[in-house]
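Enquirer: Sequence:
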Amino acid sequence: MAKKTFAVILSGCGHQDGTEIHEATLTLWAIHKSGCKYLCFAPDIPQHHVLNHVTGQEMPEQRNVLIESARIARGQIQDLNTFSAEKFDGLVIPGGLGAAKNLCTYATDGPQCQVDKDVAKAVKAMHAANKPIGALCIAPVILARILKDAELTIGHNDKVARDIGIMGGQHRSTMQEEIVIDTAQKMITTPCYMFDARVDQIGRSAENVITAMLELM
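Here the sequence shown is numbered in numbering that gives the first Met the number 0, starting from 0 and rising by one per residue.
Hints are not guaranteed to be accurate.
[What the hints assert, rightly or not] Straight-line Cα separation of at most 25 angstroms, SDA-like style, residue types lysine to any residue; simulated pairs:
hint : residue 1 : residue 2
1    : K36       : K158
2    : K86       : L38
3    : K3        : Q15
4    : K36       : D108
5    : K158      : Q113
6    : K116      : Q184
[What the hints assert, rightly or not] Derived CB-CB ranges, DEER-like:
hint : residue 1 : residue 2 : range
7    : Q111      : T81       : 27 to 33 angstroms
8    : D157      : Q75       : 22 to 28 angstroms
9    : N63       : D108      : 33 to 39 angstroms
10   : V53       : H31       : 28 to 34 angstroms
Just so you know, the hints here were simulated from the structure itself, not pulled from any lab data.
Glycine included, C-beta positions come from ideal geometry on N, C-alpha and C.
Turn these sequences into a full structure, and let the hints guide you.
Expert: Put into structure tokens, the structure is as follows:
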């Protein structure tokens with residue numbers, strides 16, 4: 000049997016302005032641990048802003064989401080505009096505030112956010128092909144904005160849960176390491192660093208998502 004292949008969409012490098020590195024790395028680890036393959040993607044767009052991860056202050060520079068994401072992917076990454084759903088069995092979006100700043104505008108626009116066109120195209124293509132989609136941490140807001148009636152979780156943050164409802168989603172409250180499986184739409188979500196979590200908890204969360212996705216393939 001051929002190995003299943005996951006597409007992983009990254010949003011930069013660093014949890015304050017890009018992809019949460021632990022969530023991304025442990026998702027990739029879980030994929031390989033399951034005997035599967037992955038290929039990373041990111042949109043070739045300017046980063047919303049650049050933050051100093053020591054002070055949290057904005058820095059006077061501009062970075063590119065694809066180039067920054069390549070740091071996590073060790074250079075093995077492709078522009079998201081080349082994504083083809085027929086080549087993959089599942090799609091995963093790790094969290095980090097880059098998901099809410101670079102992949103969509105949720106961080107600034109809330110439930111009226113806009114999703115990057117290539118992100119929306121990839122999610123819609125996988126959904127139309129009836130292939131599973133996973134999202135970690137804050138990334139489920141992207142699915143809520145694109146796919147109506149999505150059942151998902153970001154933990155139990157009341158504000159984000161309300162926003163998901165405004166966008167047409169159905170939020171389910173969860174604790175760390177728990178997942179929500181929307182079997183009808185083949186979506187699996189987990190809160191990860193929406194809580195004050197340990198790295199081992201992030202690893203188990205990522206593994207739970209990947210395991211559930213494989214069961215839906």
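Enquirer: Next step is simple, just say for each hint if it's right about the structure.
Expert: Hints, one by one, checked against the model:
1. K36 with K158: 36 angstroms, violated
2. K86 with L38: OK: K86 and L38 at ~10 angstroms, within 25 angstroms.
3. K3 with Q15: Violated, at about 31 angstroms.
4. K36 with D108: Measuring from Cα to Cα gives roughly 35 angstroms; hence the hint is violated.
5. K158 with Q113: 18 angstroms, holds
6. K116 with Q184: Roughly 21 angstroms between the alpha carbons, so the hint for K116 and Q184 holds.
7. Q111 with T81: 27 to 33 angstroms: Since the Cβ atoms of Q111 and T81 sit about 29 angstroms apart, the hinted range of 27 to 33 angstroms holds.
8. D157 with Q75: 22 to 28 angstroms: 39 angstroms, violated
9. N63 with D108: 33 to 39 angstroms: 22 angstroms, violated
10. V53 with H31: 28 to 34 angstroms: With Cβ atoms ~31 angstroms apart, the hint holds.
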